[in-house]
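Asker: Sequence:
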Amino acid sequence: PQGAEDFFTVDLGRTERFSRLELHLGINPLDFPRSFAVDVSSDGRTWTEVERDDAYFPDLAVDMVEDFSRYVVPGIFSQVEARYVRIRLTGGHPYRHWSIAEFVLRGD
Numbered sequence: 001p002q003g004a005e006d007f008f009t010v011d012l013g014r015t016e017r018f019s020r021l022e023l024h025l026g027i028n029p030l031d032f033p034r035s036f037a038v039d040v041s042s043d044g045r046t047w048t049e050v051e052r053d054d055a056y057f058p059d060l061a062v063d064m065v066e067d068f069s070r071y072v073v074p075g076i077f078s079q080v081e082a083r084y085v086r087i088r089l090t091g092g093h094p095y096r097h098w099s100i101a102e103f104v105l106r107g108d
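As numbered in this note's numbering, residues 1 to 108 make up the sequence shown, in order.
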């Protein structure tokens, strides 16, 4: 189950510029983070929080039922330059897991 302060960190291998993060949930649409923060770092030691949502619930539409590609958790923030990205849970859930099928960063 999701626990406060659980995290997922990605080392991009070099500094990149981006302003949007997407967590694609794939076939696990109920395993979204209920509350989370997005942190960035240039060295993997010092972190800056760039986005936070303490009560996230996805926008749902009827046509999403059969189209798992549409289950995406967005993170939108001012453009940053960083080598490391961390998604950190700021709250937990008693029985739902946290799944990430795909992690996408965009610069637009």
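These aren't lab readings, by the way, just hints derived from the structure by calculation. Keep in mind that a hint or two might mislead.
[Unchecked claim] FRET-style restraints, in silico, Cβ to Cβ: (1) Glu-66 - Asp-108: 35 to 43 Å; (2) Ser-42 - Asp-67: 34 to 42 Å; (3) Ala-4 - Thr-46: 16 to 24 Å; (4) Gln-79 - Phe-103: 26 to 34 Å; (5) Arg-70 - Ser-42: 14 to 22 Å; (6) Glu-66 - Phe-7: 12 to 20 Å; (7) Phe-77 - Glu-102: 17 to 25 Å; (8) Gly-91 - Gly-13: 16 to 24 Å; (9) Ser-41 - Arg-70: 16 to 24 Å; (10) Arg-17 - Glu-102: 33 to 41 Å; (11) Arg-106 - Gly-26: 12 to 20 Å.
Here the structure is a predicted model, which means the values were calculated and not measured. Virtual Cβ for every residue (Gly too), placed ideally from N, Cα, C.
Asker: Does each hint hold? Answer for all of them.
Answerer: We went through each hint and held it up to the structure:
1. Glu-66 - Asp-108: 35 to 43 Å: violated, 28 Å
2. Ser-42 - Asp-67: 34 to 42 Å: holds, 37 Å
3. Ala-4 - Thr-46: 16 to 24 Å: holds, 21 Å
4. Gln-79 - Phe-103: 26 to 34 Å: Check failed, 18 Å falls outside 26 to 34 Å.
5. Arg-70 - Ser-42: 14 to 22 Å: 33 Å Cβ-Cβ, so the 14 to 22 Å window is violated.
6. Glu-66 - Phe-7: 12 to 20 Å: violated, 32 Å
7. Phe-77 - Glu-102: 17 to 25 Å: holds, 19 Å
8. Gly-91 - Gly-13: 16 to 24 Å: Given a distance of about 31 Å, which is not inside 16 to 24 Å, the answer is violated.
9. Ser-41 - Arg-70: 16 to 24 Å: violated, 30 Å
10. Arg-17 - Glu-102: 33 to 41 Å: violated, 20 Å
11. Arg-106 - Gly-26: 12 to 20 Å: Holds, since Arg-106 and Gly-26 (Cβ atoms, about 18 Å apart) stay within the stated range.
This entry does not satisfy hints 1, 4, 5, 6, 8, 9 and 10, going by the numbered hints stated previously.
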